[in-house]
Structures are given as C-alpha cells and as structure tokens.
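Whole structure, please, built from the sequences with the hints as guidance.
Chains as they are written, first to last, in the numbering used here: chain A, 1 to 133; chain B, 1 to 382.
Certain hints may be false.
BS3-like mimics (lysine-lysine), calculated; alpha carbons at most 27 Å apart, straight line [claimed, not checked]:
1) 74/A x 8/A
2) 23/B x 74/A
3) 74/A x 126/B
4) 8/A x 126/B
From the derived model, a few chain A residues whose C-beta atoms are all more than 10 Å from chain B [said to hold, decoys possible]:
5) 53
6) 54
7) 55
8) 101
9) 113
10) 114
11) 116
12) 128
Don't read these hints as lab results, they were simulated from the structure. Every residue gets a Cβ at the ideal spot worked out from N, C-alpha and C, and that includes glycine.
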Amino acid sequence: MAEPSVRKPALVLTKEGGSAPLLRARRCTCGHVSFPPQSFGCERCGREGGELSDVELATRGVLTAVVQVYVHSKIPVPYAIGRVQLDEGPAIDAPLDGREPLAIGTRVVGALTPTDDASSGAEFRFAREGSVQ
Amino acid sequence: MSKGLAALRPIYVVGIGLARYGKPSETSFVELGLTAVRAAVSDAAIPFREVQSASVGTVTLGMAAGRAFLRYMGATGLAIQQVENASASGSTAFRQACLEVASGMSDVALAVGVDKAAPVNSAASKTGIGSLAGAAMIPAAAFALMADDVMHRYDVKAEDLARIAVKNHANAAHNPFAHFQKARTLEEVLSEPKIAGALTRSQCCPIGDGAAAVIVASEAAIKRLGIAQKRAVRVVASVARSERVYAPGQWATVELTRETVASAYEQASVGPKDLDVVEVHDAFSIEELLYMEALGLCDGNEAAAWVRAGKTAVGGSCAVSASGGLIAMGHPLGPTGVGQVCEITRQLRGEAGARQQPNARVGLAHMVGVGQVCIVHVLRAD
Chain A
1 MAEPSVRKPA
11 LVLTKEGGSA
21 PLLRARRCTC
31 GHVSFPPQSF
41 GCERCGREGG
51 ELSDVELATR
61 GVLTAVVQVY
71 VHSKIPVPYA
81 IGRVQLDEGP
91 AIDAPLDGRE
101 PLAIGTRVVG
111 ALTPTDDASS
121 GAEFRFAREG
131 SVQ
Chain B
1 MSKGLAALRP
11 IYVVGIGLAR
21 YGKPSETSFV
31 ELGLTAVRAA
41 VSDAAIPFRE
51 VQSASVGTVT
61 LGMAAGRAFL
71 RYMGATGLAI
81 QQVENASASG
91 STAFRQACLE
101 VASGMSDVAL
111 AVGVDKAAPV
121 NSAASKTGIG
131 SLAGAAMIPA
141 AAFALMADDV
151 MHRYDVKAED
161 LARIAVKNHA
171 NAAHNPFAHF
181 QKARTLEEVL
191 SEPKIAGALT
201 RSQCCPIGDG
211 AAAVIVASEA
221 AIKRLGIAQK
231 RAVRVVASVA
241 RSERVYAPGQ
251 WATVELTRET
261 VASAYEQASV
271 GPKDLDVVEV
281 HDAFSIEELL
291 YMEALGLCDG
301 NEAAAWVRAG
311 KTAVGGSCAV
321 SASGGLIAMG
331 HPLGPTGVGQ
341 VCEITRQLRG
351 EAGARQQPNA
361 RVGLAHMVGV
371 GQVCIVHVLR
381 AD
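Structure representation (structure tokens):
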C-alpha cells in the first residue's frame, strides 16, 4: 500500500518503513531551533543564510496542555488540540488524535491520521506513544 | 541612553469620550468616531481647533480613516496619523499622543480609536510560513491551552476563571458604554456553552463596533486654555515592547507583559502595591489571572484566592477591569486601548459612579497585540 500523501509537506516529513513522521525545522549556529522552518533569519540572534541549516526533529515528547475546541466556523467540532514539549527542544502546538482523551503529562508521538477529505492527504497529529507504530 | 516620560515635560489626560461599544450595527464609523471625539472635546471644555494632532487607532477601517471623519469636526488642518498595532492599536495611538506632547512638538493631541467589526487581514498569514495547528488554533483555543497549563500547575479551578467573568460582567453592568451591561451569576457563566477548554462563552470577549477618544495636554496648554487642573490626570509612564524568544514552558504574552510592566514601574517610580485600578487585556478570563501575576499583584498560586476573596473587585485592594474589561465592556480593537485610558482617568478623577474604586490615585492600562506587542501606561492623580 502506498504511503498516504501528507498535508503540509513543508512542515512534516515521512520516511520509508512506516516509522513516526518527523518535523522539518531549521537550526541556527547559536543553537536556536525554528519550527515551523524558515530561512529569513534566526529569531534569537539574527544570524542568516548559511548560519541556518535544515534539521529533522523526532516527534516524541510530553503533552503540557490540552483542550477540546467546541466552536469553529469551518472545522467539525469538537476536536482536540495540544501543546507538546518535544524531547528535542521546541514546544509546539498541534492537533491531537481524537480517539481517546489525553491528559497532561502523557508521552506522545506524531502520527499521520487519514482525514475525511482523502484528496488533501493525512494530517499530522500527536497520539499516545505506543498507540501508533 | 533612552528617556522615559519622567525626563520629558509633564503631560495630562484632560478629556475623555466614548461611543458605546456594541454589536455590529448600521451606525457608520464616522458617527462613532465623531461621538467619541465630541465627547472628549466637551469633557476638556476646549475648542477643537486647539487640538494640533490626531493619532487614529483602527484595525478594520482601511487606509486614511482619520480625515474621513475628523473633517466633520471642522477641517482645522491638524496633523493626522493612522496607527495599526493589532489589539494594541488604540494604546499605541495614545502613546503617540503622549510622546508628541511630552516632547513639546504639540501642546494638545488627540488619540482616538474607532472600528467596525469586520474580517481582519494579518501580515503573518502572508509570510509563507505555515503551522501545524493552522485554522484549528482559534484565539480561544490558544488561551484555553494556557488555562489548562495554569490549572495543572497552580491551585486554579474552572470556577475561578468563571469568577473573573462574573466580576467583569458585574462591573460592566454599571458602565453605560459597555458592550454587555448585564450581571451574570457563577452558575450562569459555568453552564453556558463552552468555546474551548474551560472557557465558556461569557469568559471570551465580544468583538463589535465602538469608538473612544482621549485628549492629552501639556501644563502650558492647561493654563492657556483654562482647563480644570483638578480633573487633569497625569501620565507618568508609557512603554512599548515586543516579544522576544522565551524558554519552553513560558507563555510569551505573560513574559512580554512582565518585561513591559517592569519598565513602566521604573519609569513611573511605582510598584504593584501602589496600583488602585488596572485595566488589562482580558480578552479571555485566564488572561486576567495570568496578568495579575505578571503585574506583581500576587504570585501565581495566590491569584485564584485573590479573585475568590474579591481583592480585584471594585472596593478590593486593586480593582482589575473596573470598566468590565475586554470580556464585558468589549473589544472593538482600535478603541479598546483608548477606552482603557478613559476608564482609568474616570477612576482617578473619582467620577466612576457605581463602579468607583475608593481613593483611586494610581492606575495602569495594559494591552497586548497579536504578534506580539505590549503597551503599558501608568496614570496618576496629582
């Protein structure tokens, strides 16, 4: 079976073999990691150009805040969204796998979730570590 | 070496005026803006021709809003500039008026905010940089995440957040310019539909129409124009900052507020214990709780107890959002920061009626704008 196409390929990277997706980021020589990735300059120190390089972030981390959203003009509700402190540094906000309620402190990992709109590809969401491959 | 207001000549708010905040209506921005400006001019009891400069805070109206309504005050030839700084647009317009008068470039300057509810057009959406959450991260969700984190780390319950909305709606019930003017019980607030996380409907600010205006003057202008000095309220700090990179686990809006407020305290030679009235960017109930801590009113573990004990209610140790705040007075964008200055001025004059904080001498106005930027002013009754 072919890998599903991924929404937001500028942010999300998949590797052959079905492992957890990775996130694309940029690391400055000062150590600051930009996610989402951008090439304009380092937000911490202002360095630019060759001082910034592509990195891939593993998506394992800890959920530090989680909420259900009940009102939205375009997205079916309710849906869950959370903040995840990645083991590799940045804290990022992303949709959560809605199959089970996830509490603060839960170990999570990125997963690609098929959406109702198959043509737009699978969506990156965080899910409980161990619940996905 | 940068200078604070203390190093420049003294400046005073001498006139305030508002057009009631409310649901989107057929009333044009021209009428809203003129209502607020005429009220401010009348409050100062000066002729409009004495106003040398106008800073117009607006987010939704489009270019060249100022001339389009100020011309009907009589086209005096005054300087007009438009200021857009997201939710802090009005606060930034007020800061511009303050800086013009403090520097001596104007003797009398007007800050006016006016907006009609409309879709906004943000530059950040045009950078080409996406986000994982995208449209799913509505503002209420972003602040509900903060609430979830705070409720996990501190002794804060969903009821404590709801109590902030109860207090602010009760204050707004005494404010004839507020969007909502109806008190709500704790049970009512808790039983409303949830928007995101713990935040129910009336813990989230309404965005609507409105206008607010403030006139700033020098001592020389006060003497020359015969303005009542005892109703003039001195502006003792004006500070603007923008977001830096903060450590993981810190919330940018809180850290940015902490930094901006610290500069404002230094400039005004005051501390949190001196504050009698505070207007904060309480677009969501959780924000007021977080800013209480960032302002140094209390520490994070005490904030909920402060709310439960009524310390931030009118009559408490520091009245927070006596106007009703963004939650209940409303958040029409451009007017909001100017409206905060109107409320602080009214309080420091002792003219706030049923929502008057007793013996109010020092007040602070705080706004953040998406991006993020933060503007803080401190006012003092001399």
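We went through each hint and held it up to the structure:
Under the criterion of a C-alpha separation no larger than 27 Å, the hint pairing residue 74/A with residue 8/A is consistent with the structure, at around 18 Å. Taking the CA atoms of residue 23/B and residue 74/A, the gap is near 22 Å; set against the 27 Å cutoff, the hint holds. The suggested pairing of residue 74/A with residue 126/B holds, with an alpha-carbon distance near 20 Å, which does not exceed 27 Å. Our distance criterion of 27 Å between C-alpha atoms is met by residue 8/A and residue 126/B, whose separation comes to about 16 Å.
Here residue 53/A stays apart from chain B, with its beta-carbon at least about 17 Å from theirs, past the 10 Å limit. Under the 10 Å C-beta cut-off, the non-interface status given to residue 54/A relative to chain B holds; the minimum distance is some 15 Å. With 10 Å as the threshold on Cβ separation, the claim that residue 55/A sits away from chain B holds: the shortest Cβ distance comes to roughly 16 Å. With a closest Cβ-Cβ approach of about 12 Å to chain B, residue 101/A is found to remain outside the 10 Å limit, as its non-interface label requires.
No beta-carbon of chain B comes within 10 Å of the beta-carbon of residue 113/A; the shortest separation is about 12 Å. Annotated as non-interface, residue 114/A keeps its C-beta farther than 10 Å from every C-beta of chain B; the closest such distance is 17 Å. The non-interface label for residue 116/A is consistent with chain B: the shortest C-beta to C-beta separation is roughly 14 Å, beyond 10 Å. For residue 128/A, the shortest C-beta to C-beta distance to chain B comes to about 17 Å, beyond the 10 Å cut-off, and the non-interface label holds.
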